[in-house]
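Residue numbers (the working numbering), protein chains in the order written: chain A, 1 to 308; chain B, 309 to 670.
Bear in mind the hints are in silico, worked out from the structure with no lab data behind them.
Please note: incorrect hints may appear among the correct ones.
[Unchecked claim] Residues of chain A placed beyond 12 angstroms of chain B at every Cβ, according to the derived structure:
no. : residue
1   : S79
2   : P131
3   : R144
4   : G151
5   : N154
6   : Y170
7   : L287
[Unchecked claim] Straight line, CA to CA, 27 angstroms or less: simulated BS3-like cross-link-like pairs of lysine-lysine:
no. : chain 1 : residue 1 : chain 2 : residue 2
8   : B       : K384      : A       : K114
9   : B       : K450      : A       : K114
10  : B       : K384      : B       : K450
11  : B       : K327      : A       : K114
12  : B       : K450      : B       : K493
13  : B       : K384      : B       : K485
14  : A       : K118      : B       : K327
15  : B       : K644      : B       : K522
16  : A       : K114      : B       : K383
17  : B       : K464      : B       : K450
18  : A       : K83       : A       : K263
19  : B       : K464      : B       : K384
[Claimed, not checked] Label pairs and their calculated CB-CB ranges:
no. : chain 1 : residue 1 : chain 2 : residue 2 : range
20  : A       : V152      : B       : S473      : 55 to 63 angstroms
21  : A       : I104      : B       : D411      : 27 to 35 angstroms
22  : B       : E649      : A       : W28       : 58 to 66 angstroms
23  : B       : R481      : A       : P131      : 57 to 65 angstroms
24  : A       : K114      : B       : E422      : 29 to 37 angstroms
25  : B       : G349      : A       : P107      : 34 to 42 angstroms
Every residue gets a Cβ at the ideal spot worked out from N, C-alpha and C, and that includes glycine.
So the chains spell out like this:
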Amino acid sequence: MNEHTTMPRMTVDEKSLSGWLDEFMSSWRSRYLLVLPVGLLLVVFFFFPLMIIFLYSFSASDEVSQLSFTLHNYISVLSSPAKLSMYLHSVVYSSATVAICLAIAFPLGNFIAKHLSKLAQAFVIALLVAPLFMSMLIRILGWRLFMLKFGVLNELLSYFGLPRIEGLTYMGPMAIFGMVYLYFPFVLFPIYVAISNISDEILDAARDLGGNTWTIARRITLPLAAPGVAIGSAFAFALSFGNPVSSEVLVGNNVQLVGNMEKFSFGYAQNWVQGSAESTIMMIFLLIVLIPVLKRAEIDRLLHGEGN
Amino acid sequence: MTAALMQATGLTHSYGNGKAVDDISFDVTEGQFVTLVGPSGCGKTTTLKIVAGLLTPTEGAIHINGRDVTRQPAKKRPSSLVFQSLALFPHMTVEQNLRYPLDNRRDAPDDKAESIRGMLSLVGLDHSLLHRHPSQLSGGQKQRVALARSLIYDPKLLLLDEPLSAIDFQLRRQLRKTLSDLHRKSGKTFLYVTHSLEEALSLSDEIIVMNAGKILQRGSPDEIFSSPVSRFVAEFMGDANVFSVARRDEGGEARSDATRRFWAEELDMEVDVRRHGDLRDGYLIVRAHEVQVGRDRPRRNAMEVEIFNRYDLGGSIEYSLVRPGSDIRLSCVMEKGQAEEFSPGERVYAQWPEHAGTVVPE
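Let the sequences and hints guide you as you build the complete structure.
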């Protein structure tokens, strides 16, 4: 305030405006006011739709004016062996996706973060981000064309005189290939960031004190990169769990996952209340599985780095 | 002469166009405490990392115990490095930090828990800290854990990269003693890197002074301190008054055969110096504690000065002296009680004995 009052040319109005601003910014009420736009956005575009799905899942009719309460939607999902098996398939397929992504992302992330120059790191990261700018539908369609009976893969094989591999696009488990392809960057990035945050001196010390590559990976890098591993796994698991693209486009619905079931209910069947119950069950399941994982991740450790 | 435990020959390490280390050779005798000292960027840490095996030299070789280890990775070398950042494993407890090197040792003792406790006692840490994480330890405790973790690896050569730099003054003095005691108790060979002259002088059997990737001087702390080979070493060792001088053989008469008379241009006076190494011109180095201040005019190596300021150092007093009518300054440290004390503004005489000063080249 002092420097303001010593400024000779300042008019009374300006002074009171800056004084008012100071006062406003420091009052506790204003802090809530400043959060208001983001808060509104969250409520309107995130919380509100979720609530609608939640309400629908307990209703017999999808007319907003005729919302009622029934457990019928849930009972019909949970008593259907076919639908329960889709949940089970999703668990198995998403777990496999996470496992394969981790097995590739950990050594690769370590290599990028600790064995490449800064420039090469930026280049590799850009290369891995680039596909994300394209629709995942198109990219998966591309893989389907690659694997078709007379697709790129088989034409190449026959060019080299090798036997064709048929039926790839009819094999349910091939959907895992598509899921790994789609969600791999989401696993790699957090792991790459977490490993980048491990100081070189810690790794030097680990080598200097007799650790071989395997020992260092197991006892130093993996535990220190745990937040990245947890976040990456959570991303890949949650995103692949509800997404129908890979199973639908790549293997032509030869495996039915939760995403396909929901898409059917909301789309072809036009049974929104049923679809809402299916989605709510999925969300509750994901929350139960992922909250403990993310709790252990200690996100601020990933952001601020540790070990310096 | 005892055999050298470690020998570095013609080490060079280049970065882009520059050389962090430029063709240096030295050896370390078994059981000694050797210190590489120099200003930041002089190449001392690079040298240490080359010895540890964490950096590969562009040229040159490292022998440990007579074996060429230049191409051996750090984990295969019988040395262990205490990092400047300490590099404790943050996700492990103190016990797990110490167990890591033990698990990697082929000749590890059977009772690892016992050996961990023994090592903690050796570095003066309480056993109650075993289950703490590094983030729950004080600076000094971390320091000791880092030392223990390197020592428990049972290296023939312990390398220390400014391990005391991040610690406050009081604790640093205490840990310096711990380090010296550890050296004595463990009987291991220490190669220590620091930019602090005080640490180098108080810890080492031998000091190697480096600058700009080269070794300037090597010797016992006493040799380095009292007979620096160059102006750089003298100034780096601190507390030096430096004046350019030139030998004057004609005219002036030296008091004895051993002393020579020099002309100090800046001071506009003649000085008698015993240690000049037959130099005809160079720099006269007079340590602050060699300068004495008194009211009577001495016969030689004396000039009239004014007390500019007075700093109480506890056991001694430092005076900053200025020659009236010039910007020539001198610094002088005198023990309390040994001499009369003076206050700023007083006109006195500064003097140093002939055996005190040294003439060195640039």
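With a cut-off of 27 angstroms on the C-alpha distance, tell me whether K450 (chain B) and K114 (chain A) pass.
holds (26 angstroms)
Would you check the hint for K384 (chain B) and K450 (chain B), treating anything up to 27 angstroms between C-alpha atoms as holding?
With Cα atoms ~26 angstroms apart, K384 (chain B) and K450 (chain B) stay inside 27 angstroms; holds.
Run the distance test for K83 (chain A) versus K263 (chain A): straight-line Cα separation, threshold 27 angstroms.
holds (13 angstroms)
Pair hint K644 (chain B) and K522 (chain B), alpha-carbon separation not exceeding 27 angstroms
At roughly 40 angstroms apart (the allowed maximum being 27 angstroms), K522 (chain B) and K644 (chain B) break the hint.
When you check the alpha-carbon spacing of K464 (chain B) and K384 (chain B), does it fall within 27 angstroms?
Between K464 (chain B) and K384 (chain B) the Cα gap is close to 12 angstroms, so the pair holds against 27 angstroms.
Hint says 57 to 65 angstroms; check whether the CB-CB distance for R481 (chain B) and P131 (chain A) agrees.
Cβ of R481 (chain B) to Cβ of P131 (chain A): about 59 angstroms, so the range 57 to 65 angstroms holds.
At the C-beta level, are I104 (chain A) and D411 (chain B) separated by a distance inside 27 to 35 angstroms?
Holds: the Cβ-Cβ distance is about 28 angstroms, inside 27 to 35 angstroms.
Is it true that the CA of K327 (chain B) sits at most 27 angstroms from the CA of K114 (chain A)?
With Cα atoms ~24 angstroms apart, K327 (chain B) and K114 (chain A) stay inside 27 angstroms; holds.
Given as non-interface: Y170 (chain A), partner chain B, CB spacing beyond 12 angstroms
Holds, because the least Cβ-Cβ distance between Y170 (chain A) and chain B comes to about 46 angstroms, which exceeds 12 angstroms.
Confirm or reject the claim that E649 (chain B) and W28 (chain A) have a C-beta distance inside 58 to 66 angstroms.
Check passed, 60 angstroms falls within 58 to 66 angstroms.
Against chain B, does L287 (chain A) keep a CB gap of more than 12 angstroms to every residue?
holds (27 angstroms)
Does the no-contact call for S79 (chain A) survive, Cβ to all of chain B over 12 angstroms?
Holds, because the least Cβ-Cβ distance between S79 (chain A) and chain B comes to about 46 angstroms, which exceeds 12 angstroms.
Hint check: violations occur at hints 13 and 15; the rest are consistent with the structure.
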